[in-house]
Amino acid sequence: DAKTTQPPSMDCAEGRAANLPCNHSTISGNEYVYWYRQIHSQGPQYIIHGLKNNETNEMASLIITEDRKSSTLILPHATLRDTAVYYCIVAGRNTNAGKSTFGDGTTLTVKP
Amino acid sequence: DVKVTQSSRYLVKRTGEKVFLECVQDMDHENMFWYRQDPGLGLRLIYFSYDVKMKEKGDIPEGYSVSREKKERFSLILESASTNQTSMYLCASSRRQGKRNEQFFGPGTRLTVL
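Quick mapping for you: the protein sequence lines, in order, are chains D and G. The first sequence begins at 157 in our numbering and counts up one residue at a time. The second sequence begins at 4 in our numbering and counts up one residue at a time.
Don't read these hints as lab results, they were simulated from the structure. Honestly, I wouldn't trust all of these hints.
[As the list claims (entries may be wrong)] DSS-like mimics (lysine-lysine), calculated; alpha carbons at most 30 Å apart, straight line: (1) G:Lys58 with D:Lys159; (2) D:Lys159 with G:Lys60; (3) D:Lys159 with G:Lys16.
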C-alpha cells in the first residue's frame with residue numbers, strides 16, 4: 157500500500173474551516189484515500205473516504221486532486237471537540253486485510 | 004451500536020511473562036487487526052487476519068503471535084514480554100469487501116512491562 161505524508165501539526169481557530177493536507181504520490185489506481193481521527197485516549201475513528209471524486213458527509217469534505225497524488229480533508233466549522241490527531245491512509249477497497257500504514261498523522265489543535 | 008472491545012484498558016506485566024490481549028467484535032467482520040501505537044511512530048501493524056485461522060504478518064510481528072479460532076475474536080500473544088513491548092495496543096476490524104470497509108477500532112489496551 158502507498159505511504160502518505162502529512163504535516164505533523166496544525167492550528168485552527170474555532171468556527172473556521174480546518175484544511176488538512178495529505179500527499180500520497182505513489183497511490184495506485186485501485187486504492188482509496190481514507191481519513192481517520194483519534195481523540196486522546198480513544199481508538200481512531202473513520203471520517204470519510206474517496207477514490208477520485210470529491211466526497212462530503214456529515215463530518216467533513218474530502219477533496220482529491222485530479223492526479224490523485226494529494227488530498228485535503230476539510231472540517232468546515234471546526235469546534236474544540238475536533239482537536240485530535242488526523243490520519244490519512246490509502247488502501248485497496250477490496251483488500252483482504254488492508255495493510256494500511258497509518259503514520260504519525262497531523263495533530264490538529266482548535267483554539268478558542 | 005457496533006463495537007470492538009478489548010479485554011483490558013490497562014495491564015501491567017513483568018518481563019518474561021506470557022501476555023494475552025483479547026479483542027472481540029460484534030459486526031461479523033472478516034478482517035481483524037492488531038496495531039501498536041508509540042509516540043512519534045504512529046500506528047504500526049503487528050498482525051492481521053482475514054478469516055478464521057488465517058493470519059498474516061504486518062510490519063512489526065517480531066515477538067508477537069496471534070490466534071483467530073472464532074470469527075469474532077482475535078488474540079494477540081506476547082510469548083515472553085519485554086520492556087520494549089510497553090505500548091498502547093489497538094485492535095480493529097473491517098469488512099473484507101463492500102462500499103465502506105473502514106476499520107473500526109477498539110478503545111486500546113495500555114500495556115506496561117516492568
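Could you grab the alpha-carbon distance between D:Lys159 and G:Lys16 and see if it respects the 30 Å cut-off? Not satisfied, since the Cα-Cα distance of roughly 34 Å exceeds 30 Å.
Given pair status - D:Lys159, G:Lys58, alpha carbons within 30 Å: holds, 23 Å
Holds or violated: D:Lys159 and G:Lys60, Cα atoms, limit 30 Å. holds, 18 Å
Comparing the model with each numbered hint stated earlier shows that hint 3 is the single one that does not hold.
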